[in-house]
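J.: Sequence:
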Amino acid sequence: MTGAWGWVLRSVLFVVAVVAPAVGYMVRLDQTGNGKLALDGVGWGLTGTIVALALFTVSVRTTVRGRLAWLATATVAVLAVWGAVLGIVAL
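Numbering (our numbering), first residue to last: 18 to 108.
A couple of the hints might just be wrong.
Stated by the list, open to error - Derived Cβ-Cβ restraints for the label pairs, each shown as a range:
{"#": "1", "residue 1": "104", "residue 2": "44", "range": "21 to 29 Å"}
{"#": "2", "residue 1": "44", "residue 2": "93", "range": "35 to 43 Å"}
{"#": "3", "residue 1": "60", "residue 2": "100", "range": "12 to 20 Å"}
{"#": "4", "residue 1": "47", "residue 2": "99", "range": "38 to 46 Å"}
{"#": "5", "residue 1": "96", "residue 2": "44", "range": "36 to 44 Å"}
{"#": "6", "residue 1": "57", "residue 2": "103", "range": "17 to 25 Å"}
{"#": "7", "residue 1": "53", "residue 2": "22", "range": "38 to 46 Å"}
These are computed hints drawn from the structure, not numbers from a lab. Yeah, the Cβ is synthetic: ideal placement off N, Cα and C, and Gly gets one too.
Please put together the full structure from these sequences, using the hints given.
T.: Below you can see the structure in the form of structure tokens.
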């Protein structure tokens, strides 16, 4: 997808990839009321992250190598955001 709508779509997919593990955890925490039992929600959230990153990659109109570069960049960005979040929470 090209143009402004392509960037909007990719931006939404990136935000979904970043927040999906937290949303999964919060949904399970609301269901169980126990933080340790809610950790499996992070796994479901990571599944959402993987799907969002895959759709993000497919939405880019380029060669396969270009798509792999976009996937690598988006994955590093998601990991950097989560590293920063976990670093701040650990303080």
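J.: Would you mind marking each hint as holding or not holding in the structure?
T.: Now for the hints, and whether the structure bears them out:
1. 104 x 44: 21 to 29 Å: At roughly 24 Å between Cβ atoms, residue 44 and residue 104 fall inside 21 to 29 Å, so the hint holds.
2. 44 x 93: 35 to 43 Å: Between residue 44 and residue 93, where Cβ atoms are some 27 Å apart, the hint is violated.
3. 60 x 100: 12 to 20 Å: holds (19 Å)
4. 47 x 99: 38 to 46 Å: violated (21 Å)
5. 96 x 44: 36 to 44 Å: violated (22 Å)
6. 57 x 103: 17 to 25 Å: holds (18 Å)
7. 53 x 22: 38 to 46 Å: This hint holds: roughly 42 Å between Cβ atoms.
Consistency with the previously given hints fails for numbers 2, 4, 5, ordered from lowest to highest.
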